[in-house]
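S.K.: Fit chains B, C and D to the known structure of chain A by using the hints.
There are 4 protein chains.
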Amino acid sequence: DDALVIAGERFGSRLVMGTGGAPSLQVLEDALLASETEMTTVAMRRIDPAQTGSVLDVLRRHGIRVLPNTAGCFTAADAVLTARLAREALETNWVKLEVIADEHTLLPDPVELLEAAERLVDDGFVVLPYTNDDPVLAHRLEQVGCAAVMPLGAPIGSGLGIRNPHNIELIVERAGVPVVLDAGIGTASEAAQAMELGCSAVLLATAVTRAQRPAVMAQAMRDAVRAGRLARRAGRIPVRRYAQPSSPPV
Amino acid sequence: DDALVIAGERFGSRLVMGTGGAPSLQVLEDALLASETEMTTVAMRRIDPAQTGSVLDVLRRHGIRVLPNTAGCFTAADAVLTARLAREALETNWVKLEVIADEHTLLPDPVELLEAAERLVDDGFVVLPYTNDDPVLAHRLEQVGCAAVMPLGAPIGSGLGIRNPHNIELIVERAGVPVVLDAGIGTASEAAQAMELGCSAVLLATAVTRAQRPAVMAQAMRDAVRAGRLARRAGRIPVRRYAQPSSPPV
Amino acid sequence: DDALVIAGERFGSRLVMGTGGAPSLQVLEDALLASETEMTTVAMRRIDPAQTGSVLDVLRRHGIRVLPNTAGCFTAADAVLTARLAREALETNWVKLEVIADEHTLLPDPVELLEAAERLVDDGFVVLPYTNDDPVLAHRLEQVGCAAVMPLGAPIGSGLGIRNPHNIELIVERAGVPVVLDAGIGTASEAAQAMELGCSAVLLATAVTRAQRPAVMAQAMRDAVRAGRLARRAGRIPVRRYAQPSSPPV
Amino acid sequence: DDALVIAGERFGSRLVMGTGGAPSLQVLEDALLASETEMTTVAMRRIDPAQTGSVLDVLRRHGIRVLPNTAGCFTAADAVLTARLAREALETNWVKLEVIADEHTLLPDPVELLEAAERLVDDGFVVLPYTNDDPVLAHRLEQVGCAAVMPLGAPIGSGLGIRNPHNIELIVERAGVPVVLDAGIGTASEAAQAMELGCSAVLLATAVTRAQRPAVMAQAMRDAVRAGRLARRAGRIPVRRYAQPSSPPV
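Protein chains in written order, with our numbering: chain A, 1 to 250; chain B, 1 to 250; chain C, 1 to 250; chain D, 1 to 250.
These are computed hints drawn from the structure, not numbers from a lab. Just so you know, these numbers come straight off a predicted model, no measurement behind them. Here a beta-carbon is modelled for each residue, glycine too, at the ideal position from N, C-alpha and C. Please note: incorrect hints may appear among the correct ones.
To be verified - Listed next, the stretches of chain C that the computed footprint assigns to chain D, with coverage defined by at least 3 CB atoms under 8 Å from CB atoms of chain D: (1) 1-11; (2) 31-38; (3) 185-191; (4) 214-221; (5) 234-244.
As the list claims (entries may be wrong) - Going by beta-carbon spacing under 7 Å, a handful of chain C positions derived as facing chain D: (6) Arg61; (7) Arg174; (8) Ala175; (9) Gly176; (10) Glu196; (11) Ala224; (12) Gly228.
Unchecked claim - Covered stretches of chain C (chain A as the covering partner; in silico rule of three or more C-beta atoms under 8 Å from a C-beta of chain A): (13) 82-96; (14) 137-149.
Looking at chain A on its own, in the form it has when it is part of the complex (with noise of 0.2 Å):
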């Protein structure tokens, strides 16, 4: 058993799933089934709980929990404000936090996010944060009792990868809470490549909704998030500057 467990609820997935970007709520539905993913980021802003057909409808429907988010939130009094509307108007609270600077870059606000989560965390929320890739901002964040830390590897929907190795090793280092890469995944390599740095697991949605067959790239982020996991649990070898023969023969 390998289960991914926040806040003391297990998951099998290692894979969350974000709904934007999705062309239809058909081609949604078919990625997020291909994903396995149990749970799924859906912006407060952009939802109706009571209205029938929904996003909403297609998680229920599946079983997938849903992670309400923050998105379109400039400052940690607008964050908390939403929170509170999605746990009341679905049931959980779970959130995921964001604090966003400003349109252009979608970059976190460090000063409002920090004093969002912990209001949030006070309030009895379980809190995600998205936060930089800063590891004091981090540590910081879980200093405060968020329940996960959400590093970006780069900004939201640049498909840049992971920009920083470095920063998300630092940041895994410390953490005693989950470590989970959100933003800035392009394709399934880097999806491996967050779980290799000690990731507990990756949140995606451009990167599937937004790709030409999204389908058959759900597929891809499902079994790259499992390879990766399972490549750091089996402890690569070490980079060699030279040459290794691989004798001496079996």
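M.R.: Frame of chain A; chains B, C and D shown alone:
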């Protein structure tokens, strides 16, 4: 159906395994099974086809195709001779052609390699040459009739990954035969990357046999090759310098 | 004329030196002269302004501007106090602001740093903050009135170079004040790269003071910073995936 | 004194320039002077030695050594013939040997190159071959008597920089003759990097002649090559995964 086809033969798995470096025959067997490979390369220098309890026994028992290689050969003449001995002993006209320049780098000798390839093709062999990542040499090898080209990612056993992805892309773009990434892979994400670059398959040994837990790494490589292949077929998102919100919402 | 201008002051050299790590005062003096730097940062914690035969003597003798820094401070309060002591002792209102999160990473604490910057600006200081490579924090620091922003390339003394060139570019694109690459540089090409990315200057210490031949590395850094600045101004050729002959001929 | 010595000749500058790609003879002249180069390569195919007002005039006027090259040759026979014509016309037995595989990649043909090199050495030439970055081929070229080896960083005119620094290091480690990085350089930091990897010189054309301001880029390259050479000689600090304070203080 997305089978790998080499010289008219179909393979469901795109992971070719090598046998060198395993600490014991049992470890090797477990790793081969975990990898789900359908073709495995064996050094002619190291085997006695008549002997029971050998690598060949393991391969026969599990129906894994044997691909003899000419590891340890430094000249075209030596490689040609070794290939002929292999054909006689193992009743296969397939050969992984290795002509090494020196013991220190284990890098292929381009001149001797090309000459040996030409002679073996003329002699009716299905030739799969281990080559450097030079697009020109890869093209020459195809022109003389090789059934695949097998460029290295990095020196054998180094675990350095794919040192020059740009060259692998150039090779793939011009190739009319399968391109198999051979040598240098250290971990799963690199195997996925090889497939994303357009390789048709990955060949590796040390990364699995010398990992701390070989069978677990074999599973990782199996999943990574699948992931990379799926990602290639899925059509990844373009890389963008700036963030892109995942709106408009579904 | 291509002078660096910070807070209205002009500098002919775009290489700012630090003084830490030198094995002797003589080695430091030789390296400073070889570097042709015009501004050098000195840790307030380490100096006694009254003492003769000190680093300050060397700087005074050669007309190199002293930039006191707050190395060793872990809180905004501590940094503000240290900056004030420096102002009194050294008769300068310039300060390189460092607020470190911990001894292990020596990374800046974003929250304390921003608070200290704001207070020091209000107090009339010319503040040059050492920050991580987060474009959002860099922008905030400029907004509160810092005279430059000084993002790291990698952790202090690591010699890892610029881990995330993309972030440095994002910082430069939005900055209305000079961007000084500070920390992480190990060798000359990395200093040149910083300038090519659009930085206005480079600050380094360990790469010179702990090199095997500090004065030679100081010359290397001097030339590299010039080279990178010239290359930025020259307008480099675009990157192309394929070869391009240099014809048509002249 | 740190002169570059090739075949007994001494050069104060380690930057070798090419002449292709310049928009005018005047721009070329300005760039050559700004670069402070002492040797410049000229394509035999493009010049008429008898003509006045030519590239050769410029080189003669400034005392810059002419290094004829065999650009445009696709076979050993063609290259040998071209080299002989150059020797007669330009009264030099030095030749930059280029044997290209095709117009698309402009990559060297390893087999034809090696054969041409051998024949030209036998014929009394000082041969400087443009080669790929294969350590085995570089070694073979030295063994047949070449006076230097000139591996590429990336395809001609691509500006991709040094695609495989590891291979350049392997070449340098074994070389008994100067290694000159030739082709692929796009900007100054890459020229510095080539020298830091242990190359003895850098050869480039397009990066300067096609820059927006060629003479400024020529200065950048001049300084970058010096910087990289100095850094190599200075003995850089080791790379460390973690921060290191610059204490103990001076």
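S.K.: Determine for every hint whether it applies to the structure shown.
M.R.: Hints versus structure:
1. Counting residues of the region 1-11 of chain C whose CB lies closer than 8 Å to any CB of chain D gives 0, so the stated coverage by that chain is violated, three being the minimum.
2. Given a C-beta distance limit of less than 8 Å, the hint that chain D covers the region 31-38 of chain C is violated, as 0 residues qualify and 3 are needed.
3. Counting residues of the region 185-191 of chain C whose beta carbon lies closer than 8 Å to any beta carbon of chain D gives 6, which reaches the threshold of three, so the coverage claim holds.
4. Here the region 214-221 of chain C counts 6 residues with a CB under 8 Å from a CB of chain D, which clears the bar of 3, and the coverage holds.
5. Three residues within the 8 Å Cβ limit are the bar, and the region 234-244 of chain C against chain D gives 11, so the coverage statement holds.
6. Here the hint on Arg61 (chain C) is broken, as its CB sits about 15 Å from the closest CB of chain D, past 7 Å.
7. Interface hint at Arg174 (chain C): violated, since its Cβ lies 22 Å from the closest Cβ of chain D, which is beyond the 7 Å cut-off.
8. With a least beta-carbon distance of about 20 Å to chain D, the hint placing Ala175 (chain C) at the interface is violated under the 7 Å criterion.
9. For Gly176 (chain C), the shortest C-beta to C-beta distance to chain D is roughly 24 Å, which exceeds 7 Å, and the interface hint is violated.
10. Restraint check, Glu196 (chain C) versus chain D: the minimum CB separation of about 6 Å is within 7 Å; hint holds.
11. Against a cut-off of 7 Å between C-beta atoms, the interface hint on Ala224 (chain C) holds, since the closest Cβ of chain D lies about 4 Å away.
12. Checking Gly228 (chain C) against chain D: minimum C-beta separation of about 6 Å stays under 7 Å; hint holds.
13. Coverage of the region 82-96 of chain C by chain A is violated. Counting CB-CB distances below 8 Å, 0 residues qualify, and the rule asks for three or more.
14. Check result for the region 137-149 of chain C against chain A: holds, 3 residues qualifying (beta carbon to beta carbon below 8 Å, three or more required).
Of the numbered hints stated above, those contradicted by the structure are hints 1, 2, 6, 7, 8, 9 and 13, listed in ascending order.
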